[in-house]
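Peer 1: Spelled out from the first residue to the last, the chains are:
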Amino acid sequence: SQQGEEDPQALSIQEGENATMNCSYKTSINNLQWYRQNSGRGLVHLILIRSNEREKHSGRLRVTLDTSKKSSSLLITASRAADTASYFCATDEGGSYIPTFGRGTSLIVHP
Amino acid sequence: KAGVTQTPRYLIKTRGQQVTLSCSPISGHRSVSWYQQTPGQGLQFLFEYFSETQRNKGNFPGRFSGRQFSNSRSEMNVSTLELGDSALYLCASSSLHHEQNIQYFGAGTRLSVL
Numbered sequence: 006s007q008q009g010e011e012d013p014q015a016l017s018i019q020e021g022e023n024a025t026m027n028c029s030y031k032t033s034i035n036n037l038q039w040y041r042q043n044s045g046r047g048l049v050h051l052i053l054i055r056s057n058e059r060e061k062h063s064g065r066l067r068v069t070l071d072t073s074k075k076s077s078s079l080l081i082t083a084s085r086a087a088d089t090a091s092y093f094c095a096t097d098e099g100g101s102y103i104p105t106f107g108r109g110t111s112l113i114v115h116p
Numbered sequence: 025k026a027g028v029t030q031t032p033r034y035l036i037k038t039r040g041q042q043v044t045l046s047c048s049p050i051s052g053h054r055s056v057s058w059y060q061q062t063p064g065q066g067l068q069f070l071f072e073y074f075s076e077t078q079r080n081k082g083n084f085p086g087r088f089s090g091r092q093f094s095n096s097r098s099e100m101n102v103s104t105l106e107l108g109d110s111a112l113y114l115c116a117s118s119s120l121h122h123e124q125n126i127q128y129f130g131a132g133t134r135l136s137v138l
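Chains A and B are the protein sequences, given in the same order. Each number in the working numbering comes from the position in the first sequence (counting from 1) with 5 added on. Each number in the working numbering comes from the position in the second sequence (counting from 1) with 24 added on.
To be clear, the hints were calculated from the coordinates, so they are not data collected in a lab. A portion of the hints provided could be inaccurate.
[To be verified] The calculated lysine-lysine pairs, modelled on DSSO-like cross-linking and capped at a C-alpha distance of 30 Å, are:
1) B/K25 x A/K75
2) A/K75 x A/K31
3) A/K74 x A/K61
4) A/K61 x A/K31
5) B/K37 x B/K81
6) B/K25 x B/K81
7) B/K37 x A/K61
8) A/K31 x B/K37
9) A/K75 x A/K61
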């Protein structure tokens, strides 16, 4: 079963625009991660944020975490066509360190 | 370091057959996890192996099994294949550093069951 659920399911933007994806989850977590998957390939880890952190940056990526609302957001600034991919959030909860993945947001960036 | 390697990349089988998929983790990673990805169910956790022992298991029938060797390489086996087993099977390795289980994925094996 999915712990995290991404929203929106699909997002289409123009190159240069910002893309924001959200993830909601159900139970208390230890860590939340974001991954990217290019069509039919394996997932690539983007960023991990711990439950006691509120915001984290990596290059053009900004992740926020609100544990009171059980939600996270991933912001990609100044999107490029190469950012076209599916983006997944993954959470590990309680005593388990096995990440549970959401269904993903499909992002299309038009050149 | 070389990444996670999965073989074969593509497989076509018929119902009732069995299949074995292989995964070589990143050197030094002792944890190997397997996932099934389908359009309908998303990414589902199958099982995790650590030091040749299955440490965690997802909610899949016993037809799905795996093992890990002393060099951390892992295999996954599916017996009595069903049409619904058609999926992308992903292997991921992890070093489990400081309780942060960052997964490094292979490119996957695309299994088609006819």
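Peer 1: Run every hint past the structure and note whether it holds.
Peer 2: Here's how the hints hold up against the structure:
{"no.": "1", "hint": "B/K25 x A/K75", "result": "violated (36 Å)"}
{"no.": "2", "hint": "A/K75 x A/K31", "result": "holds (7 Å)"}
{"no.": "3", "hint": "A/K74 x A/K61", "result": "holds (17 Å)"}
{"no.": "4", "hint": "A/K61 x A/K31", "result": "holds (21 Å)"}
{"no.": "5", "hint": "B/K37 x B/K81", "result": "holds (25 Å)"}
{"no.": "6", "hint": "B/K25 x B/K81", "result": "holds (28 Å)"}
{"no.": "7", "hint": "B/K37 x A/K61", "result": "violated (45 Å)"}
{"no.": "8", "hint": "A/K31 x B/K37", "result": "violated (38 Å)"}
{"no.": "9", "hint": "A/K75 x A/K61", "result": "holds (16 Å)"}
Comparing the model with each numbered hint stated earlier shows that hints 1, 7, 8 do not hold.
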